[in-house]
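Asks: Sequence lines, in order, name chains P, Z and S.
Each residue of the first sequence is one higher than the one before, starting from 1 at the first, in my numbering.
Each residue of the second sequence is one higher than the one before, starting from 165 at the first, in my numbering.
Each residue of the third sequence is one higher than the one before, starting from 593 at the first, in my numbering.
Source of the hints: derived by calculation from the structure; they are not laboratory data.
Take every hint as true, because none was put in to throw you off.
Below, a list of computed lysine-lysine pairs in the BS3-like style, where the Cα atoms sit at most 30 angstroms apart:
# : chain 1 : residue 1 : chain 2 : residue 2
1 : S       : Lys883    : S       : Lys638
2 : P       : Lys73     : S       : Lys639
3 : P       : Lys73     : S       : Lys668
4 : S       : Lys753    : P       : Lys73
If you anchor each label on the Cβ, the simulated ranges turn out as follows:
# : chain 1 : residue 1 : chain 2 : residue 2 : range
5 : S       : Arg871    : Z       : Asp435    : 37 to 43 angstroms
6 : P       : Leu49     : S       : Asp881    : 37 to 43 angstroms
7 : S       : Ser656    : P       : Gly46     : 54 to 60 angstroms
8 : Z       : Glu487    : S       : Asp881    : 44 to 50 angstroms
Note that the structure is a prediction, hence the values are computed from the model and not measured.
Glycine included, each C-beta is placed from N, C-alpha and C at the ideal position.
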Amino acid sequence: MQLPTPIELIDRLAEQIRPSLSPDCALVGIHTGGVWVMEALAQRLGAELPRGSLDIAFYRDDFSRIGLHPVVKPSRIGFEVEGRRLLLVDDVLYTGRTVRAAMNQLFDYGRPAAIRLAVLVDRGGRELPICPDFVGFTLELPDDRHLSLTRSADGRLDFVQGAA
Amino acid sequence: MKIHIKNGRLIDPRQGIDAVQDVYIAAGHIVGLGQAPADFHANRVIDATGLVVCPGLVDLSARLREPGFEYMATLESEMRAAAAGGITSLACPPDTDPPLDEPGLVEMLKFRAKSMPGPRVYPIGALTWKLRGERITEMAELHEAGCLAFSQADTPIVDTQVLMRAMEYAATFDYPVWLRPRDAHLIKDGVAHDGAVAARLGLPPIPVVSETIALATIILLMKTTGARVHVCRLSSAAAIDMVRAAKAEGLPLTCDVNVHHLHLTELDIADFNPNCHLYPPFRSQRDRDAIRAALADGTIDAICSDHAPVDDDAKELPFQESEPGATGVELLLPLTLRWARESGHGLSRAIDLISRRPAEILGIPAGRLEVGAPADLCLFNPETWWQVTRKSLRSLGKNSPFLGLEVPGQVRYTIIDGHIDFERNHTA
Amino acid sequence: MTPDLQLNPDGSLRHLLSLDGLPARILTQILDTAEGFLSVSEQEVKKVPLLRGKAIFNLFFEPSTRTRTTFEIAAKRLSADVVNLNISASSQSKGETLLDTVANLSAMHADMFIVRHSSAGAAHLIARHVAEHIRVMNAGDGRHAHPTQGLLDMFTIRHYKGGFHNLRIAIVGDILHSRVARSQINALTTLGCPELRVVAPKTLLPREVEAMGVHVYHRLEEGIKDVDVVMMLRLQNERMQGALLPSPQEYFKYWGLTPEKLKLAKPDAIVMHPGPMNRGVEIDSDVADGKQSVILPQVTYGIAVRMAVMSILAGN
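In isolation and in its complexed conformation, chain P is listed as follows:
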């Protein structure tokens, strides 16, 4: 099955999300691809939704095996998390470990009223009991394949696939 372009999927996601938006919602993207998707979604969903970004490097569970990620970006959550409905956004959902780390980090900012998960692509292969609420596209990729989102200098988003 042919993988649609990221833009098509973002449009699709925005339509899914729109009905459930409420005034106390905020968007949170996970570095790096999730932040791009979150920004694109925010454009489409309009409104003055608060936006934040997370770098989950300090919450990863593989630190003791591979050490600190070489490039750590500051996390920016410029709003009160306590009692808010959060939409967590990532590009590709795979093992679920990144989402686990992101949720742990969000709870260190406060106790949200709810967290929903939106992903551009669910490629299967979950290792944790995590299930997305909004999915742009679902496919089963074997473990030896790699899928990620890139952004070119002019801001164009593309999927990159290859051997892991």
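Given the coordinates of chain P, work out where chains Z and S should sit on it, guided by the hints.
Replies: Okay, now just chains Z and S, sitting in the frame of chain P:
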């Protein structure tokens, strides 16, 4: 014991010999060079093919750590190590515990040293009581007990009046005074040459003026007291210039240098290697070059090991807390040979600086291969390079800046008083 | 200075002992990582689980509650277990050697030692003798180095000035006895500061300090003219006792930073100090508390920088 050493390359700087000649030894003396004396029947023939046969080395400063510091090394271990280094006579500084300030202590040390194999030991008497720089010692008594010279070891006399009186008293008997030029106030807690490396590492500095000011005091006091002085362990170009000038004036001044200072500079401590913590400190490259030049032109009279075995507990500390000093008796010959190779000097010049010249300074009939002289010899292979390791060093002190490095010149036999005191088999 | 001891074979940081000889890429990596940790303090729970289960030992052979606390806070914000040991009081007086102490603590499954010692090279010595998995951080050794202080100063300068390539910087005070100054000089020369000055009387300057890449000034008025950053050093009280300086009053008059003298620097110059300050000796209160002072932000950044170093070391 009669020994016939054959086919060796005989080098005796005093007589200017450098030729393949046999040596004949009997009753503790050299009885023939080149030709066997009549009726000579050797008990032992040493084939010295490929070896240099030279006078046994004379080390002007080797600490044997007895009495008082037996936890670092023992008389027995260090005498063995010295013999393995080709040394047949050595002077030991008075910084034992207690210091060598009483005739009984000197006699005991001489007696202990005589009772075991190894080099002839010449204790240097303390110049002041307990080396405290306050009261002069009974120099005449100490001389009778066997002290050929008097010194303060590493401890400077702070009170210049005491220094002057000590020199005057020694001059009364014409005893040589051996002094390290060190201004105590300018050294204080210093541990490294006052230069770029100490600046970078934040090590308390020892300025060159601590050496030159003390040396100026010594030279001026020589003039007023008439004392004969041997200046120990020069480290700086500026001090060497002063010695050169004093000698030109005709002052009875001699001096030596620690063999490590021919090779190492402040840069060698750059990773806080406590094995490079020595007194005086390794100085700049310019100072090292000046030392090398002064050896070439004769301003520096002798090279010594300044042997200071230190145990690991006292060395495995932050640089400035570690005990200064390096083990040296086994490296005196190799490091002198290395200098000679690097600076284009012949073996004869190198051997002169570690045998004949120090023997003259100490005033002993050694450092010579002449018929009738005591049979103290060193036989070494100048072409054998060996690695300095904790294992290859016989001294109990493993504290060498050269650990892990290869050095030239391996002693094969050391003959002291006509006996083979050390012998290294071929495979070792 | 001994990059082989500080770096892993793959070029990553193994121990932090000195900034001397560390490549710019590592200094920059630490500063960038610290940016990430700065945002942790905005969280409700100011703590990340990165070093959970790691045992970090604060080995302070020289007492310093202030410095120890900054390392302790950093380690705790990383969820590490921190043990504070004030060694001058216990084992050293019983004759246990430095390396004995380290061997004993290693046997208690330490993962990292943070070492403060009054002798230069103490952290190097420990790093040379610890087991493969243990990391060593120098928290100040004699006059030699205080690398995390140097790094937090770099973080501060980068924060306020954007970089290092167009800056004129003056370090003022007791350079001779200062490990902070040495680390600052090493970092600034590596990071490309084009004009670095040291300002002090001759008694407080090491010989041949120029070899470290600095210009020497003896008069404060000349030394801080048109600079972008003034880094003041603390003057230890004991320096007033020997023959190094005549009196605190004369020192303040000639080398103390006052609002009038600060006017000689660029109008937007920032003033830094590693603390604790001697007000009225090296710095006037009006400067210390003035709008050009970034002394308090330095303290804040210090935590993030130490968290960055700890997590980079623990992960490599």
